[in-house]
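Here the structure of chain A is known, so what remains is to put chain B in place on it, guided by the hints.
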Amino acid sequence: MAIKGMNCLAAGVVALGLGITAVQADELYTPNMTYRTGPFAATGIPIMNGQRDYIEMLNARDGGIGGIKINFDECETSYNTNKGMECYEKTKGNAIVTQPWSTGITLQVLPRTNVDRVPILATGYGFSPMSDGDTFAWAFNPPVSYWDGASMILQYISDGDLDNLKGKKIALLHLDHPFGKEPIPLIEKLADKHGFEFLPIPVGLKEMQNQSAQWLQIRRERPDFVIMWGWGAMNAGALTEAVKTRYPMDKLVGVWWSGSDDDLRPLGGKAKGYKSISWNAPGKYSVIEDIRSHVVAKGNSMIGSEDDLNKVFYQRGVVMSMFMAEAIRTAQQKFKIAKITPEQMRWGIENLKLDGKRLEELGMLGMVAPFSMSCDNHTGHGGAWMLEWNGEQFAKVSDLLMPDRSEIEPIEKEKAKEYAKNNAPWPGRDGLACE
Amino acid sequence: MFYRVSGQFKTSYESDMALFPVKQDAILLAFILALFYVAFPMMASEFTYKALLVPVLIYALAAMGLNILTGYAGQLSLGTAGFMGVGAYACYKITSIFPEVNIVVALLLSGCFSAAVGVAFGLPSLRIKGFYLAIATLAAQFFLVWLFEKWAWLYNFNASGAIEVKGHEFFGLVITGPNAAPITQYYFVLVCVTVVSFAMINITRGRFGRVWKAVRDMDIAAELVGINLMRAKLSAFAVSSYVVGIAGALLVFFWKGAAEPNLFDIPLSFKVLFIAIIGGLGSIIGNFLGALLIVALPVLLNLLPGVLGLEINSATLEHINVMIVGALIVFFLIVEPHGLARLWALIREKLIIWPFPH
Chain A
1 MAIKGMNCLA
11 AGVVALGLGI
21 TAVQADELYT
31 PNMTYRTGPF
41 AATGIPIMNG
51 QRDYIEMLNA
61 RDGGIGGIKI
71 NFDECETSYN
81 TNKGMECYEK
91 TKGNAIVTQP
101 WSTGITLQVL
111 PRTNVDRVPI
121 LATGYGFSPM
131 SDGDTFAWAF
141 NPPVSYWDGA
151 SMILQYISDG
161 DLDNLKGKKI
171 ALLHLDHPFG
181 KEPIPLIEKL
191 ADKHGFEFLP
201 IPVGLKEMQN
211 QSAQWLQIRR
221 ERPDFVIMWG
231 WGAMNAGALT
241 EAVKTRYPMD
251 KLVGVWWSGS
261 DDDLRPLGGK
271 AKGYKSISWN
281 APGKYSVIED
291 IRSHVVAKGN
301 SMIGSEDDLN
311 KVFYQRGVVM
321 SMFMAEAIRT
331 AQQKFKIAKI
341 TPEQMRWGIE
351 NLKLDGKRLE
361 ELGMLGMVAP
371 FSMSCDNHTG
381 HGGAWMLEWN
391 GEQFAKVSDL
401 LMPDRSEIEP
411 IEKEKAKEYA
421 KNNAPWPGRD
431 GLACE
Chain B
1 MFYRVSGQFK
11 TSYESDMALF
21 PVKQDAILLA
31 FILALFYVAF
41 PMMASEFTYK
51 ALLVPVLIYA
61 LAAMGLNILT
71 GYAGQLSLGT
81 AGFMGVGAYA
91 CYKITSIFPE
101 VNIVVALLLS
111 GCFSAAVGVA
121 FGLPSLRIKG
131 FYLAIATLAA
141 QFFLVWLFEK
151 WAWLYNFNAS
161 GAIEVKGHEF
171 FGLVITGPNA
181 APITQYYFVL
191 VCVTVVSFAM
201 INITRGRFGR
211 VWKAVRDMDI
221 AAELVGINLM
231 RAKLSAFAVS
241 SYVVGIAGAL
251 LVFFWKGAAE
261 PNLFDIPLSF
271 KVLFIAIIGG
281 LGSIIGNFLG
291 ALLIVALPVL
301 LNLLPGVLGL
311 EINSATLEHI
321 NVMIVGALIV
331 FFLIVEPHGL
341 ARLWALIREK
351 LIIWPFPH
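Going down the list, the sequences are from chains A and B. Residue numbering for the first sequence follows our numbering, beginning at 1 and increasing consecutively. Residue numbering for the second sequence follows our numbering, beginning at 1 and increasing consecutively.
Read the hints as simulated data drawn from the structure, not as lab findings. Check each hint, because a few of them may be wrong.
As the list claims (entries may be wrong) - Which bits of chain A does chain B cover? Going by a derived footprint, with three or more residues having C-beta under 8 Å, they are:
no., stretch
1, 32-41
2, 70-81
Claimed, not checked - Across the chosen pairs, the derived CB separations fall in these ranges:
no., chain 1, residue 1, chain 2, residue 2, range
3, B, V105, A, A424, 54 to 60 Å
4, A, G269, B, A116, 54 to 60 Å
5, A, E188, B, I183, 39 to 45 Å
By construction, the Cβ of each residue, glycine as well, lies at the ideal position given by its N, Cα and C atoms.
With the rest of the complex left out, here is chain A (with noise of 0.2 Å):
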């Protein structure tokens, strides 16, 4: 036992000088925080194929990006913030950018990145505030802020305007988690404005599969309509319930994360009608046939059957890498260099135009709304469309919805400058130049 003993003290005072992952000089380095196990893996899988096999495909195809490949590499969190935490810690020494994948991760790196200086793409996830630059200059969350989310979704159950939502009732049922709590400051605001009453409910991470509670809640007050933030187990959960205590479909909308197909489909058409709003629209794309040809025809994919290349979420997936290695591409034009550094990739996600035109190119006209960032615009604001189950799939049901930015912006401001004070001194835009 006494060797034992050695031998674990000799294994951990070498890795006591390691701990970053090895790196080659001629790639750049874009460590994902997967999370393949645990209670959330179902939801995440299908994104994190995605989200790698475009980057696959890019390597495979175009031999990476301006000519230096990609090493995607994948962190295992669980969606644990130790571990994405630990995760954190032992990539950003070689990495050009952290994609944290979850809010409360989100939460506890965002600190950390100014004073490392490695930004963070938070790709329709994170903290709504992140949206101004000006506090937040190494956070983006593009397309749309969860906040963006509700207001579209908002605007969408009152046909245009809001105040056609007056004397109603509007339930939110959410994970009771940071991500699940984002939009209820919008909300409360825009129910005071418009008059409608707002009535959270709160779904527990241990209560995720069992919701009877929650749908005796809602079965007893009648809302008229359901707001879903849902994520992992907990959508399955609640998609069930519903069917079971036969609440309106019609009556439920979900945030872009309640709207995995994998979800649906074991209740096909009893879950006919449910809509989720999402800022990428499924379909036909040559990007994905690319990746067919590329990556899954050569066995270098991880999905489970071809079938899954056609589903919401892998293909948001795709649209995630995508905003990466065009953010990557523009810092790259930019500096004149392929090796950017963390800092220059601060700049290409900042300055990321995305119009028609480099969509089509892409082969991805249609499959996301087009948008710029800016220095006091760290989001976007693309807009979003309405996806309604047709017992089947997902199919697109309403023209491009666009955010009431003027009722978020304050709030934005407003919450950014709490958050800076809470965790002061906070080092704000630290004198980055806004080009």
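Below, chain B without anything else, positioned relative to chain A:
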């Protein structure tokens, strides 16, 4: 040979009752302290501080607190994470209401809050024992996490419901928040853990410790020899929760920097309980050994393929990791059901009589 005790004579009661009756123990401890205070900081990277050293120390401290209650006083508790949360939230509120208060004072005070809450939830221990008490402390666990979620004043009405740590200075050095150097945070935690460990070693060796052990071994007998059970049990709850509360405050302020209520949920209680059980109930050193096994080993195992140059998918690695750590826990508990501390004690005894076992 290494542990030869011949020639070390005890000629007075003081020397017989000394902290280290055997000289080699003191040397070994000095070596370990030198390792932590000098050798590790010379080699460690930022990752090592954040993912290995600081978490091991903080978890060991939390397990030490639980060990006072469960290992020494025999009161089973499943509410550790809740009491850690009380410490963390108390420290957060103290530092936000009185920003000028020194962080050490805030830490010491936050321990008092969790001690008070611990005593309150310890009251049922006067009537119920064993599994029933475990259920009562489980109630504390659920209630406290619920309170952290619902009582918005506790997290200063923050929209995300999380508490975030500001930068605090300690005699000119930034020791909390993102601007604090990991090495300063490490030394701060290390000094705290050293001081508390020293205090706990002495408390458990002294009158209180003996009273607790008497209660643990047979409470009726203890009562018959004149021990006040109420005072014994509640003092164990107070001391234990105090240490646990400090560990919780350190966890948020010196390691994570931000925390949400569900951090203090039941999995954390179980993790701390496992560290205490696998390390060895009724020992101080065991908490550190247990924390090494439960906290540090998975991190090291995750690094291993990278060191060896193996390409393993990170999800597969996570699965393998869980299996290896699980198997090791079962292995150690079969080899020595009384925990790693007992294992070390056996090794030490063998070394003392080596090479002539009788």
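Status of each hint after checking the structure:
{"no.": "1", "hint": "32-41", "verdict": "holds (count 3)"}
{"no.": "2", "hint": "70-81", "verdict": "holds (count 6)"}
{"no.": "3", "hint": "B/V105 - A/A424: 54 to 60 Å", "verdict": "violated (19 Å)"}
{"no.": "4", "hint": "A/G269 - B/A116: 54 to 60 Å", "verdict": "holds (57 Å)"}
{"no.": "5", "hint": "A/E188 - B/I183: 39 to 45 Å", "verdict": "holds (43 Å)"}
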